[in-house]
Amino acid sequence: MVRHDRLLLKYILPVLALLVALVYFPLVKGLITAFRHYNLFDLRDTSFIGFDNFKAAIGDKTFSFAQIFLNTMIWIFASLLFQFVLGFALALLLRKPFKGRGLYSGLVFYTWALSGFAIGLLWSWIFNGQFGLANDILMRLGIIDSPIGFLSDPRYAMVSVVVVNVWYGIPFFGIMLLAALQSVPNELYEAATIDGAGRVTRFFKVTVPFVAPVIVSTTLLRMMWIMNFPEIIFGMTNGGPANATNILATQMLYKIYKEYDYGQASAISFMIMAILFAYSLLYLSATSRKERDF
Amino acid sequence: MKRIVLVVMVVLAATLAISCGASNGKVQLTFLEVLTSPERTAMINGIIADYEKLHPNVTINLISPPYESADNKLTMMLNNDEKLDIIEVRDYTLRQFVNNKKLENLEKRLAAWSEGKDLLPIALASARTADNIAYIIPQFFYIKALFVRTDILAAKGITVMPKTFDELIADCKKVTNKKKGQFGFDWRGKSSEFKFSDLIQLSDVPNIDPNNIYKTADGAFSLATPEAQAALVKYVNLFKDSVPSDGINWGFNEQVNAFISGVTPFLIQDPDTVSLVDKQLGRDKYTVIPLPVGKSGKAVVDYGFASLGIPSYSKHKDAAWDFIKFFSSAKENAAFCKQYGPLPVHASTYADDPFFSTGVYQAWRTEMSDQDHYLFVKYPLGSEKWPAWPQTHEQTMQSLLLGKISPTEATAKFADYWK
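Chains as they are written, first to last, in my numbering: chain F, 1 to 294; chain D, 1 to 419.
Please keep in mind that the hints were generated in silico from the structure rather than gathered at the bench. Beta carbons are placed, not taken as given, at the ideal position from N, Cα and C, and that holds for glycine. A few of these clues could be false.
Just so you have them, the derived chain F footprint on chain D, three or more residues with Cβ under 8 Å [stated by the list, open to error]:
id: 1; segment: 95 to 101
id: 2; segment: 155 to 169
id: 3; segment: 207 to 219
id: 4; segment: 258 to 266
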């Protein structure tokens, strides 16, 4: 038995070492930084300052934390909802074979391969309030008289960046859900049809329960990614105008790239982690109960 | 097993040889640039190739991180004492490298360098920005001037160029026809937008301290003076009257685009914009004139620079200095600036090469020589409050332009920040 345990230990040791070196060590180091005065501008003083970094981030006079938090929630849930619904619809459309389906799926899923910054820059031109394509099309169609400041008007800025994020994220759900849908046995549909189930009933009683585990895991994953995805906002609005599109992740990047304040950035990153952790626990406990109901 | 050990040893030896940078008696220098752009990187590689031809025992490895993250990458590498011998230091990053004792003092080397005496006074002053010690050798200057679309103004009947900011603002209003998509002033709304508002606001204040643009000679906070507050209202009105509302989100690219497409015929920019505009527009459609002056009779002009330095821990300081001398020589510096756009650092270049004293470059020559009208000023780059200032200013200014706060409240926020 002892020999067996040792053997086991040998097997898991490399992975454990990698995990410690690449995940836990940086994590702990980051946590320590969050409690230190750590600004690259001047590293002569890196003393421990308790919760000052957290207090400074939350009590920021220029960047209202309440607004950043609200922005983050809108950014996550609006993006997630539309990405999921449209991605699911796309997967359903692509499930039945048709001529050129491979090429078509390739084209549709292509956006998923682009970098966030590149997308941000591309769309910032499309949404440009003066020479943008979006304004040009809307004006030619006679829908608007004068150009809309999609990225310069706080009323539209958040909607605009969410639209881009949705555009970017649909293929992810499309790919994952299409794979799940293709594994639903046809016999189930046949049996359901014989029992007199219509399209809607089949969808909710056969399709959805069968792909439910995939839905749970993909939405959870995606929520985490969206929360940690500042690139599009960075490329399009810099968090502006006047804080209107600033989220926790962009604020964290500001602290690193512009202010060199790694202490405050670490503090914000731990808030992000805490939120994600709490959310994951809640979400998984809620959905596991629901899965049992099916 | 033996074979594996042998392979590991060979790999280790090879890595060691490379990291020591001294395989076969050759010196290998590592050079990191920060203002990366494809054309500029190609130019630097050209200079490196020329240098390596003249010095066969030296090879120079150029690292070109993407522009957005380059300063951070450099900071991280310096703080970990990673192999670097020549680094590009900007006015913005100099203070932190000096604070963290990462830069070599170049005073002795500068004193012994024959071409050092040819450096412009402004270049020498910039070299000694931190603690009055030359930690760096400036390579290029960025100074703002007024780009003007002469073709559009002529069509509107404006032939006399504005000499004051008030005249400029009046011209902008005259040109604007919002219904036709014609506006006057090329606004900067994000990414260092404070450089534009400060210029217009603080040129109205009579006694700015040249060593700190945010102070007056008697020590008051310059942005809170009555003149600056009045000018802030003027600046907001300029936005309302003569700028597309989208300008609030404009950075450098949008500015250049608005100028080239003719949406806004007045643009305040640095000399490296010249080559961009030349390529897309041509000099028959635009010109560059010296900045207008404010109510103080002067324009407060800040100057940015990029420079080269040697990390304090470099093992090849002499070799690195030799390359910096080559790179910074009047000949190489002038050739580089001609292609890339910014202003060169040697006095002889301006005297010998008509390129930098005629045509559009005349505007900068005037600004640099006319001390009655142009006051060169510094930002408080050494202050620990500096790094967070640009974002704070941007958010506050955007709130002001959107009407969320009043000019008085904005001024109060600025004053509170610098308290």
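Hints violated by the structure (numbers, ascending): 2, 3
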